[in-house]
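**Q** Now for the letters of each chain:
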Amino acid sequence: MTETLLDIEDLSVHFPTRRKLFVAVNKANLAVEPGEIHGLVGESGAGKSTIGAAVMGLLERPGHIAEGTVSFKGEHINGRDADGMRALRGAKISMIFQDPLTSLNPLLTVGQQLVETIQFHLKLSDADSKKRAIELLDRVGIPMPDERINQYPHQFSGGMRQRVVIALALCSEPDVIIADEPTTALDVSIQAQILELIKELARERQTGVVLITHDMGVIADTTDKVTVMYQGEVVESGTTEQVLGAPAHEYTKSLIAAVPRPTLKVHRFPQLSYGGRQIAFHIDDLARNWDRPEPTKSGTLLKVDGLTKTFLQSGSFIPSRRKYFTAVDKVSFDIREGEVFGIVGESGSGKSTVARMIATLYQTNGGKIFFDEDEITQLKTAKDLESYRRQIQMIFQDPFSSLNPRMRVDEIVAEPVKHHKLLEGDAIQHRVDELLERVGLGSEAGRKYPHEFSGGQRQRISIARALATQPRFLICDEPTSALDVSIQAQILNILKDLQEHLGLTMLFISHDLPVVRQMCDRVGVMRQGQMVEVADTETLFASPKEAYTRELLSLMPKLEGLSTEGLEDEIV
Amino acid sequence: MSDQSSTAPQSRLAKALDSDFVYSFRRSPVAVVSFIVVMLLVLSAVFAPLIAPHDPFDPGSLDLMNGFTAPMAPNDFTGDVFWLGTDDQGRDVFSTILYGMRVSLFVGLAAVSFAMVLGITLGLVAGYVGGWVETLIMRAADVQLTFPSILVAMLIFGIAKGVIPIQHHDQMAIWVLIIAIGLSDWVQFARVVRGATLVEKDKEYVQAARMMGRGRGIIMLRHILPNVLSPVLVIATISLALAIIAEATLSFLGVGAPPTQPSLGTLIRIGQDFLFSGEWWIILFPSATLLALALSVNLLGDWLRDALNPRLQ
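Quick note, the sequences are listed as chains X and D, same order. The opening residue of the first sequence carries number 1 in the working numbering; numbering runs sequentially from there. The opening residue of the second sequence carries number 1 in the working numbering; numbering runs sequentially from there.
If you are wondering where the hints come from, they were derived from the structure by calculation, not from laboratory data. Keep in mind that the hints are not guaranteed to be accurate.
[To be verified] So these bits of chain X aren't anywhere near chain D, every CB distance computed over 12 angstroms:
1) Q242
2) W290
3) F370
4) Q393
5) L553
6) G566
[As the list claims (entries may be wrong)] Computed Cβ-Cβ distance ranges for the label pairs, DEER-style:
7) D/V22 <-> X/P405: 49 to 55 angstroms
8) D/W132 <-> X/S347: 30 to 36 angstroms
9) D/L295 <-> X/E116: 41 to 47 angstroms
10) X/E116 <-> D/V22: 32 to 38 angstroms
11) X/L122 <-> D/V199: 57 to 63 angstroms
12) X/G79 <-> D/D20: 52 to 58 angstroms
13) D/P59 <-> X/R18: 54 to 60 angstroms
14) X/S347 <-> D/V22: 39 to 45 angstroms
15) X/P16 <-> D/R26: 48 to 54 angstroms
16) X/L555 <-> D/L136: 34 to 40 angstroms
Just so it is clear, CB atoms sit at the ideal spot from N, CA and C, and this is done for glycine as well.
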């Protein structure tokens, strides 16, 4: 029996605010053994990051540890003063933060930052510190470490930078590493490498790792044990296999049921509600009053042919000296009426740029867009585009910036109706009330401002706004990537309802392959501005043709150990 | 407080009084004191005709014999007592300060409003439209910043004096002053609004409006403008203090408010003549009032900046 590295007992963290006491963490228990990766999973606001901050002594005022103990190798550390904590922090317990862009100092070279940290903790000479820094960079998988050590953070890519952050955390040879969403800001291919690195470190150096994440895929592939948190409380804890495979607590069950699976397609996500957060969506009422347009003759609603977009990279007075960056390079595809067409790709692949060109937000630099056989790219004036713009709507990624914070919700939903002069007078308010009612918010929601709603509710407001003009075509640009997994399941169910019952055609942009599998009939894979492969979803997932698609699919977490409780009736 | 136990639905006023903004105000003694000082000065300026013991602009009420009366001391000839003394013409200093503050505050508020409207419009257009329009506006702002603002104001004042016929000089002086100060002050509004507009215009709610086909004007007015106003409020407050001081400086230099319509700056200039002959009160009291006004407006602006900055909360 080895000594428990980090032992958290009955930890409560309180944030007294002006109006009430906010209990961020309530009597949480957690123990980390050497060489173990312990996952801490929960949705936003569950208090998982607060535990990390409490252990490090980095709680922001007025937050404080109200009760309980944090022990490191059997010694209480939560009573220590600032100096005592500083001796421990970084030296024995290191932290890796989410954003590699902000956790490195942009004005110092990577080497300077490493050497400074090594000298502080290990008291080595300049030459030895540098040697050790190069070793560390080599260890975390940075090629040519003796050259790259003299480079600045901006000369590294996002994944490489996160490796440097891990190297920094390793400088002092810590016993415990707390990793707070270390891969959330990274692409899947890089995420897989970073997680592999963390696993190796835990195994080789017997480091205990607390891995804080909201991503079940990360938990399933990486951790040995897992603790599930909900609203500040630990609801379940155990080995990863047991908690994910046979969850005991109702919340864990609902959480796992909401995770999109890469290997099986569900008709709808099960409505396992926990904590009374389920909100209704009245698709039948909506469908009754929906004016369906004439179907297209060819069956193809949107056709994109050789679409190209270039951005000016460095300007100049002399045209020949200007440099351009090709974001989208001769992309062609067509979307049949009534289907959901997905575009997947990593960040920078140009998938959002395609969506924006179709949405008339960007001018095209080449190629044609046809909508119901009309060439949209020929229309120049706002008047010509009016009818097209009424028939397409978009649901954006970030529910916190897609609604004007200074406008009332009913004004937001009414704006497209008023702009396109679809209704007049009281009929506008009537339509708005009805829409808010149908998306499950109730018509009284119209009297409030966006900041009074949660992320999932705001996304419903976005959907209400998109439906206000009774569109034929819906562009969804990463509509759920900013949402918690249970809210994501609700929104995806709504989108599926819209397609099925209203006959809406959708373009669904996402980087998340399991979500794409659940949503799309056909998928296009994009890479560096080019369309690599277009195929039926099932064909693509079963037998991808292109090497890049195969690579993407292989990086996807398989989630095979996850319980399928509640999904039985929905599997297609 | 007695009303805290009530469970009735809160009225709009009660809601406003319970907001974090009002709470942060009440927690800051500096803000409370400067607010009281500002309100006191503004109210006494507004109600000057009711409060002032004399009307300094009514020659009939003036008695030259009362000239150079010291504060709180009876005049040697007439026996009249003045709180803050009198100037060379026997005008009550307290009354002239009250009336002078009206001019100062009016010029300050009008100049800031003018600068605000100009700056917000140009900043919004520069930020949203971009391209050569932005280059043109922002270069003009840069050029403007290379001249000291007092110099710009004096230049405008000088031009106006040449253009306007001499018999209208005194009437027009106040308006010229407002335009002169406003024109030298718009740059910071334009810069801040442009910066905020650049941030807002990439947000998804603006894209949603563009996708709808909304025109530039509507997007700027309805969507972007309301979201860039809170930094403007802070600058406006601090600019108000600066505009009052700029007006006083111009008037002190003799290019501002005319002696027939004296502002605090004019009063300080008049007082300066007697500074070394022992009549200290003629310059001290207007200067102290100007100091109190500018300082408390400034402190209020500082507090406002902290209260509206989400990062400091």
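**Q** Of all the hints given earlier, name the ones this structure violates by number, lowest first.
**A** Going through the list in order, the structure violates hints 4, 7, 10, 11, 12, 15 and 16 and respects the others.
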